[in-house]
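K.L.:
Chain by chain, the residues:
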Amino acid sequence: MINVLVISQSSPFDDLNIRDALDMTLIFAAVDQNVSWLFSGPAVLALKKHQQPSAIGIKDFFKNIKTLEIYDVENIYVCEKSLFDYGLSKHDLLVPAKTLNFSEQQALIRNQKHVVNI
Amino acid sequence: MINVLVISQSSPFDDLNIRDALDMTLIFAAVDQNVSWLFSGPAVLALKKHQQPSAIGIKDFFKNIKTLEIYDVENIYVCEKSLFDYGLSKHDLLVPAKTLNFSEQQALIRNQKHVVNI
Amino acid sequence: MSTLHIFSKTLNNYCANQLGNLIRPTDKVLLLGDACFSKKQFRQFSDSLLLLAQDITVRAITLSDNDTAISYEEFVALTLSTNQSITW
Amino acid sequence: MSTLHIFSKTLNNYCANQLGNLIRPTDKVLLLGDACFSKKQFRQFSDSLLLLAQDITVRAITLSDNDTAISYEEFVALTLSTNQSITW
Amino acid sequence: MPRFVLSLHTPPSDHDTTQRLVSFAQACLAQGHTIDAIFLYQQGIYHASNNLDLPSDELQITQLWQQLADQNINLMLCVTAAEKRGLDIKNTSVFAVAGLAEFAMLASDADKWVQFK
Amino acid sequence: MPRFVLSLHTPPSDHDTTQRLVSFAQACLAQGHTIDAIFLYQQGIYHASNNLDLPSDELQITQLWQQLADQNINLMLCVTAAEKRGLDIKNTSVFAVAGLAEFAMLASDADKWVQFK
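Residue numbers (the working numbering), protein chains in the order written: chain B, 638 to 755; chain S, 638 to 755; chain D, 6 to 93; chain H, 6 to 93; chain Z, -12 to 104; chain G, -12 to 104.
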């Protein structure tokens, strides 16, 4: 079992970046690796509640993000500074996520075999 | 005859952005419009002399930029602040370009029918 | 004389200190898509931002007093009432 | 323990104030492609930058004393001598 | 009566920009304005792929373009941009293969050019 | 002997990133390392297009991939990413259509995963 970290830095509707990162995270869980997903910068907005892309014909991928727990992805992290920058608090988020300051993010990175930025 | 301004903000090897902007500039000259090309931010580096992409198999599009004059594209502008940011002076540039400060860039924009950012 | 400045990404995708110098007080600043998430940061470009109504609804964004939500019809009209538009 | 941080675009493409807090003094910072044009600005992340020799030659960039040009062979070796790499 | 040209610079994987261009175009038409061309440039050229059938819970990109084609909107694909990017220019869905010059002439005559990216 | 997987996230129009991935891969092989997979993901999937013949003064992308294929490097295309982007997954040049799981297993076993973007 390896440690692999997926980092997201794109805003929710910026191309398919968040969905590509979601797929990557789910697949590493499916092949029984210890996967973590870190949301940084505008990517923290991908965890914001009450968004409704289906109103404009776009797939509601927020529903899929909510299923992370079902698929045993438990290591969901958000950058504390980025939450603040976008005016979000922990209870605005779709899923339970651990808030990390920068030195905790450094420690998380240091603990990985692979880090992938999507 | 209309005034049309092409704005470039991408660094030279960032995808084909500079080449796409070059094509657009040349074609507006070819259909006899009054076209201008403004280089801003890292795009000013696309005018830097002595680069040699053919050494790594990439087309030498700097040669094509040099042909702008032949095709009667005379309105080539660079952002003064961006030149400074990247440590360039006017004699580092491939083609004669007019240096514009911000209020001159505002005036240039105001003078256009269409502005296209590529 | 005014220019319509259109943004569709969060502010970190743009060179803010360049653009701040190119946008005049009489210009219009319109936020589309994910740019709406950065409305607080875009305020440096204009005191009264325009935001596409549909895009803020989709993103569950609430507007402040200074902001104006506009429809697609108003977006079209805005391109006609300004002299030129730039999609940054 | 060190991480290899890889950049291939000019600095304005990254959230510099986020990344500045994630790069440790013992980490390695490698500039590829157009990132080499921003070496002055990338210096905030590391006192001694590594740059891909071929990419600086293509771009007619001259190195300062603190910078080190490396070959592809050294790039490969660098990914092996560090614990993990991040392509930002 | 105002005449528009629109250009699309983002690939089909950017669903948000795609739906926004289409909504803008439909609003133009609803107000009685003319759209002289919608032009695919840069990564936008991938919209002319023939293999864009997405599941029904996804943005129905093919259908949105078909609706514009049914309203006789001139849907153009830049051939130079397409060839550089590996698009099959013999099968370009509802898009007509066109040179940049053709678009530049339409843009010069139009009142407004709005870019979507 | 170190084992690598490489992933490419940029489209074929990004010539600079393309040549860099290929040069890195060749340097790996020259040093006797193993490359278990080169994986096309996100916009990288467009490299598997069959219409990428560029003029001779352009980067010879097709030829570079062919050289890696001739050295028996496992060139993989992410099917999910490709379908979402309108790539013809029946004609994928030298790339083998693969699921994400296949790549994830190779990446888990590899010593190093280097992304190119």
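Hints are supplied without guarantee of correctness; some may be wrong.
To be verified - Away from chain D, derived, C-beta distances all over 10 Å, residues of chain S:
{"hint": "1", "residue": "P690"}
{"hint": "2", "residue": "K718"}
{"hint": "3", "residue": "F739"}
To be verified - Facing chain S, a subset of chain Z residues (Cβ under 7 Å, in silico):
{"hint": "4", "residue": "S10"}
{"hint": "5", "residue": "Q29"}
{"hint": "6", "residue": "L87"}
{"hint": "7", "residue": "M92"}
Honestly, the hints are just simulated from the structure, not real lab data. Please read all numbers here as calculations on a predicted model, not as lab measurements. Each residue gets a CB set at the ideal place from its N, CA and C atoms; glycine is no exception.
K.L.:
Now tell me, hint by hint, if it's right for this structure.
P.N.:
Each hint, compared with the structure:
no. : hint : verdict
1   : P690 : holds (25 Å)
2   : K718 : violated (7 Å)
3   : F739 : violated (4 Å)
4   : S10  : violated (21 Å)
5   : Q29  : holds (5 Å)
6   : L87  : holds (4 Å)
7   : M92  : holds (5 Å)
Comparing the model with each numbered hint stated earlier shows that hints 2, 3, 4 do not hold.
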